[in-house]
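J.: Sequence:
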Amino acid sequence: MTVDPATPLRHEHGGTTYYFCAPSCLEKFRTTPERYLAPEPAAPPTMAELEAIYTCPMHPEVRQEGPGACPFCGMALEPAMVTLDEGPNVELIDMTRRFTVAAALGLPVMAFAMAEMIAPDVVHGAVDVRVADWIQVFLATPVVLWAGWPFFTRAWDSLVNRSPNMFTLIGIGVGAAYSYSVVAVAAPRLFPDGFRMHDRIEPYFDTAVVVTALVLLGQVLEIRARSRTSAALKGLLGLAPKTARRVLGLIENDIPIADVHAGDRLRVRPGEKVPVDGIVVKGRTAIDESMVTGEPMPVVKEPGSRVTGGTVNGTGSIVMQAERVGKDTLLAQIVQMVAEAQRTRAPVQRLADRIAAWFVPFVVAVAMAAFAGWSLWGPEPRLAHALVSSVAVLIIACPCALGLATPMAIMVGTGRGASEGVLVKHAEALERLEKVDTIVVDKTGTLTEGRPKVAAISTTGMPEGEMLRLVAAAEQGSEHPLASAVLAEAKRRALTWTPADSFESIPGKGVRARVGSSDVLVGSRSLLAEQGVDLSRPVSLLYEMGGPPATLFVAVDGQFAGVIAVADPIKAGARESLDALRAEGLRLVMLTGDAKDAAIAVGEVLDFKPEDIYAGVLPAQKRDVIRALQSKGSMVAMAGDGVNDAPALAEAAVGIAMGTGTDVAIESAGITLITGDLRALVRARRLSRATMRNIRQNLFLAFAYNAIGVPVAAGVLYPLLGVLVSPIWASAAMTLSSLSVIANALRLRRP
Numbered sequence: 001m002t003v004d005p006a007t008p009l010r011h012e013h014g015g016t017t018y019y020f021c022a023p024s025c026l027e028k029f030r031t032t033p034e035r036y037l038a039p040e041p042a043a044p045p046t047m048a049e050l051e052a053i054y055t056c057p058m059h060p061e062v063r064q065e066g067p068g069a070c071p072f073c074g075m076a077l078e079p080a081m082v083t084l085d086e087g088p089n090v091e092l093i094d095m096t097r098r099f100t101v102a103a104a105l106g107l108p109v110m111a112f113a114m115a116e117m118i119a120p121d122v123v124h125g126a127v128d129v130r131v132a133d134w135i136q137v138f139l140a141t142p143v144v145l146w147a148g149w150p151f152f153t154r155a156w157d158s159l160v161n162r163s164p165n166m167f168t169l170i171g172i173g174v175g176a177a178y179s180y181s182v183v184a185v186a187a188p189r190l191f192p193d194g195f196r197m198h199d200r201i202e203p204y205f206d207t208a209v210v211v212t213a214l215v216l217l218g219q220v221l222e223i224r225a226r227s228r229t230s231a232a233l234k235g236l237l238g239l240a241p242k243t244a245r246r247v248l249g250l251i252e253n254d255i256p257i258a259d260v261h262a263g264d265r266l267r268v269r270p271g272e273k274v275p276v277d278g279i280v281v282k283g284r285t286a287i288d289e290s291m292v293t294g295e296p297m298p299v300v301k302e303p304g305s306r307v308t309g310g311t312v313n314g315t316g317s318i319v320m321q322a323e324r325v326g327k328d329t330l331l332a333q334i335v336q337m338v339a340e341a342q343r344t345r346a347p348v349q350r351l352a353d354r355i356a357a358w359f360v361p362f363v364v365a366v367a368m369a370a371f372a373g374w375s376l377w378g379p380e381p382r383l384a385h386a387l388v389s390s391v392a393v394l395i396i397a398c399p400c401a402l403g404l405a406t407p408m409a410i411m412v413g414t415g416r417g418a419s420e421g422v423l424v425k426h427a428e429a430l431e432r433l434e435k436v437d438t439i440v441v442d443k444t445g446t447l448t449e450g451r452p453k454v455a456a457i458s459t460t461g462m463p464e465g466e467m468l469r470l471v472a473a474a475e476q477g478s479e480h481p482l483a484s485a486v487l488a489e490a491k492r493r494a495l496t497w498t499p500a501d502s503f504e505s506i507p508g509k510g511v512r513a514r515v516g517s518s519d520v521l522v523g524s525r526s527l528l529a530e531q532g533v534d535l536s537r538p539v540s541l542l543y544e545m546g547g548p549p550a551t552l553f554v555a556v557d558g559q560f561a562g563v564i565a566v567a568d569p570i571k572a573g574a575r576e577s578l579d580a581l582r583a584e585g586l587r588l589v590m591l592t593g594d595a596k597d598a599a600i601a602v603g604e605v606l607d608f609k610p611e612d613i614y615a616g617v618l619p620a621q622k623r624d625v626i627r628a629l630q631s632k633g634s635m636v637a638m639a640g641d642g643v644n645d646a647p648a649l650a651e652a653a654v655g656i657a658m659g660t661g662t663d664v665a666i667e668s669a670g671i672t673l674i675t676g677d678l679r680a681l682v683r684a685r686r687l688s689r690a691t692m693r694n695i696r697q698n699l700f701l702a703f704a705y706n707a708i709g710v711p712v713a714a715g716v717l718y719p720l721l722g723v724l725v726s727p728i729w730a731s732a733a734m735t736l737s738s739l740s741v742i743a744n745a746l747r748l749r750r751p
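The opening position of the sequence shown corresponds to residue 1 in this note's numbering, with each subsequent residue numbered one higher.
Keep in mind that the hints were calculated from the coordinates and are not lab data. Incorrect hints may appear among the rest.
When the alpha-carbon atoms are kept at most 25 Å apart in a straight line, the in silico BS3-like pairs for lysine-lysine are as follows [claimed, not checked]: (1) 571 x 509; (2) 327 x 273; (3) 596 x 609; (4) 282 x 491; (5) 435 x 609; (6) 609 x 571.
Based on the provided sequences and hints, a complete structural model is requested.
T.: And the structure:
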């Protein structure tokens, strides 16, 4: 594969997206070469390389080795991969240290400024003002130039990259207040009389140090809050046990989980966690899978059942065979896919992005206008008031809350979804799901189990178990799906049988076998009639079915023995899930490639309207049905699990795949229901609505704050009420606005 020098290369590996770019295309991204990997590596990145890559929650296209700041928004980068052994948060430690120094050195500066404001005559009589000013220079300089240095570097990066952000305003505001104050102390004669207050050029070191300290505090709280959004994912990852009990013949020993390989046999004792993904080969138990499904009821597991790493075993002891280990387990894949989904951008964020692109230049213009207005029409000292007002505008208008509004809600919402069995692949799918008014549901594998099961057995007098034992022995050599259902039922009843002495398959009709001393004939009604079996005696079949059953007629030694009805049962919870979706005003449509009679039978049980049932539909036609519904103005979501559903899943506004389905269906969908349970679809819909409601609340808070704060900081209330906002209070208000958005987003963690 070659790299176009003008276009970055997008590379998918292990659920993670990477961008590789030649130096000539970096200008397009307005960043520096070390932000991207270039050129494309010959082999996929190793785990160590992946764990060293950091990215921005708001700009996922930014990827670099090691921590740092985003060149676009200035936000601290975070590891691209979620791991339990990430170690201490370097950014949090650094910002906490800087805040501690800023608070310690800035407190005396603030105390002197407050005392001078309250009792200037007392302060000036007790302290030499010139000495006090130089002490403030000594204390404020490390606060601004060391503690606040990251803000200046990020402000510079924003100008170089032509991407103004909150740090642009902070850098200009703090830099202006500090530089003015230093010159005011060192060379006061350079200023005109318009800057004089109390017969001196008053410095604003208190503004510079307090704003720096408050912004550092906001950064500390923001980084902590962002780490809380991944706590659910790390909690899931931490559910995987550290050891496994390997079975080698008669010997069992505990080994580190890292030493488990596919194919190993592992014992899971009562109360222990399942170490990796695999299949049960011995024993029977019930396993609590709520960590990945959200459902509290334990699930019965027996030989042939699949188990997931991290789930909790009940009272039974089982032996399982490992199939997927390490980063290939469902748990690890869920964590990484959700981490990627948290960094995708919802369409609603485009509004905030467009506004933010113009917002900073607009604020700078307002600050300049405020300076000019106070200089021309303000009270004395005009220039001093003009400086204070313009700096206050720059500080209070920092668009941090606007930038956090959408990403924080997406991060928390997708994390909560993962803990409830809903895996969101793209934030766009989560946004669209809220607007969906029509849900198209595949039948086989989505509404029904997708695996034929024995629905009922009726005999003419022979014990059910005896007839089933004979039929199982006869069908053991058959590859027909109905034969598999019979064998599964016989095993479920713990029946034993001897292999048939002879076996004959009659294509399209059934089988004939010699089992012990009995001649067994199993197949269609016409097969038994052709062999002279008397079928005149009526047989009553009592069963519940999810569709018309396939009926196996059985004759033993030439005499009619009974029938076995095989049907595809409806999934547990399907009815209540559909009822819940209908209660929310959604139209439900069934789409299936199965026969019309089978579809209508399932539709009657699940209350589908006849006009909302599409049967006998080929894969390409399924896509056409989706298109037809959308052409009528419907916002359509499609739920399916098979290869034949992939085109329709991709065509729908939102594709919803069953986690028990095929890989191609899951890849084509934007949302995956991990266990394939439709009750998770109801949770996904409600999660979508809650997340989008939270985003709108966040955007309202951010917009309302700026709509009120900027004019007040500029001084519009001064002529009426004499209210003038100082940069210190502006900084506190800016920090409070960001924290209000973060706190509101974290509410999504609660069910």
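J.: Now, for every hint given, state plainly whether the structure supports it.
T.: Evaluated hints:
For the suggested pair residue 571 and residue 509, the alpha carbons sit about 29 Å apart, so the restraint of at most 25 Å is broken. At roughly 17 Å between alpha-carbon atoms, residue 327 and residue 273 fall within 25 Å of each other, so this suggested pair holds. Straight-line distance between C-alpha atoms of residue 596 and residue 609 comes to about 14 Å, which keeps the hinted pair within the 25 Å bound. For the proposed pair residue 282 and residue 491, the alpha carbon gap of about 13 Å is at most 25 Å, so the pair holds.
With a CA separation close to 22 Å, the supplied pair residue 435 and residue 609 stays within the 25 Å bound. Restraint check for residue 609 and residue 571: the C-alpha separation of about 19 Å stays at or below 25 Å, so the hint holds.
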